[in-house]
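Read off the chains here:
Number of protein chains: 2
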Amino acid sequence: MKGSLIVVSAPSGAGKTTLCNAIVKDFDRIAFSVSYTTRRPREGEIEGVDYYFVDEKRFREMIQREEFAEWAMVHGNLYGTAKKTLNDLMERNIDVLLDIDVQGAKQIKALYPEAVLVFIMPPSFEELKERLFRRGAENLDLRLKRAFEEMREYSFYDYVIINDSLEKAISDLKSIIISERLRSKRFDPEFIDRFYPIV
Amino acid sequence: MKGSLIVVSAPSGAGKTTLCNAIVKDFDRIAFSVSYTTRRPREGEIEGVDYYFVDEKRFREMIQREEFAEWAMVHGNLYGTAKKTLNDLMERNIDVLLDIDVQGAKQIKALYPEAVLVFIMPPSFEELKERLFRRGAENLDLRLKRAFEEMREYSFYDYVIINDSLEKAISDLKSIIISERLRSKRFDPEFIDRFYPIV
Numbered sequence: 001m002k003g004s005l006i007v008v009s010a011p012s013g014a015g016k017t018t019l020c021n022a023i024v025k026d027f028d029r030i031a032f033s034v035s036y037t038t039r040r041p042r043e044g045e046i047e048g049v050d051y052y053f054v055d056e057k058r059f060r061e062m063i064q065r066e067e068f069a070e071w072a073m074v075h076g077n078l079y080g081t082a083k084k085t086l087n088d089l090m091e092r093n094i095d096v097l098l099d100i101d102v103q104g105a106k107q108i109k110a111l112y113p114e115a116v117l118v119f120i121m122p123p124s125f126e127e128l129k130e131r132l133f134r135r136g137a138e139n140l141d142l143r144l145k146r147a148f149e150e151m152r153e154y155s156f157y158d159y160v161i162i163n164d165s166l167e168k169a170i171s172d173l174k175s176i177i178i179s180e181r182l183r184s185k186r187f188d189p190e191f192i193d194r195f196y197p198i199v
Numbered sequence: 001m002k003g004s005l006i007v008v009s010a011p012s013g014a015g016k017t018t019l020c021n022a023i024v025k026d027f028d029r030i031a032f033s034v035s036y037t038t039r040r041p042r043e044g045e046i047e048g049v050d051y052y053f054v055d056e057k058r059f060r061e062m063i064q065r066e067e068f069a070e071w072a073m074v075h076g077n078l079y080g081t082a083k084k085t086l087n088d089l090m091e092r093n094i095d096v097l098l099d100i101d102v103q104g105a106k107q108i109k110a111l112y113p114e115a116v117l118v119f120i121m122p123p124s125f126e127e128l129k130e131r132l133f134r135r136g137a138e139n140l141d142l143r144l145k146r147a148f149e150e151m152r153e154y155s156f157y158d159y160v161i162i163n164d165s166l167e168k169a170i171s172d173l174k175s176i177i178i179s180e181r182l183r184s185k186r187f188d189p190e191f192i193d194r195f196y197p198i199v
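Respectively, the protein sequence lines represent chains A and B.
Oh and the first sequence: position 199 is 199 in my numbering, straight run, nothing missing.
Oh and the second sequence: position 27 is 27 in my numbering, straight run, nothing missing.
Remember, identical chains collapse to one label, so a pair may be satisfied in a single copy or spanning two.
30 Å max Cα-Cα, derived DSS-like pairs, lysine-lysine:
#1 Lys109 with Lys2
#2 Lys2 with Lys168
#3 Lys106 with Lys185
#4 Lys2 with Lys106
#5 Lys83 with Lys109
#6 Lys106 with Lys84
Because the hints were derived from the structure by calculation, they are not lab data.
Construct the entire structure; sequences and hints are all you get.
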């Protein structure tokens, strides 16, 4: 049996990080994938826990060797998910939670067609605006426009969760993860052999 | 938005009926589909609630007119699910729970490719034997063999639930139903239009 790949995307302000942290904390047999980055570690960040910190030369080598399942440049820094990280976790029957944007989700789906893609929607325009304002986001108009553009890509995803109440969103995401574990392709046929009627 | 079709099959003794009854009782926006049958009503059975009771002539006419989504002969009586019953419920955004055997499930899947098929497994051979024995089943050996044959068809289903604990099985089936409701194809795109940034 193998773990599954759960990709979660959302526009900034939809509450994705809080949701994903709650799932990994509460739930068994699921983990975040640790990314590689060329960004410098921030205060308190731990190598191999928060990120694998590498220099740009090493990162470019990994791109050349096609070691990444997805990668992107964000604010001048490179971020990437190694195929090996994903495969090692899945082989250990651990579901992997991948918190990436729409472009990353598309790269993952191309490489892992069985990945489960979940899009988190903010509950309303007013709520999104307020959340972004509260966290002191700059270029509010630009961010709202970008959120709108990202949300329009929802149909590429398998599931959509409206993050209206955090509790409800957690329970919805858990339902998706549980149902993925119940897929018949994950069922061990040896279970049935033990029913062979030697009566 | 339309309700979904949830087909539940299981070998006799797997605890399917208890499970399905609990789901319909506990859960909102889901109902059993009422079948047509040529069998005579038993004490307390209500027309239109337990079954639509019809004579064989009427049933055969309905077959001729292709009004059934699936039908079967069981112990000399005809049983069938009308397409209209399913469509009416789904149009009202109600999920339909269909408690039918492997052959019926195949007929439904051919007609409704988006139906969600769930197979319920008994927890173990010993437990299945005991459950069948307890309910005074005749031809125990034959029933166990038939259960084995049915279980081998599990891979035709989308999901497999092992009915080890009723509580766990109920929660598993709920997760499947909830995740089906969260599918992006069921998401109303008008939700996004309300985010159009007129800022």
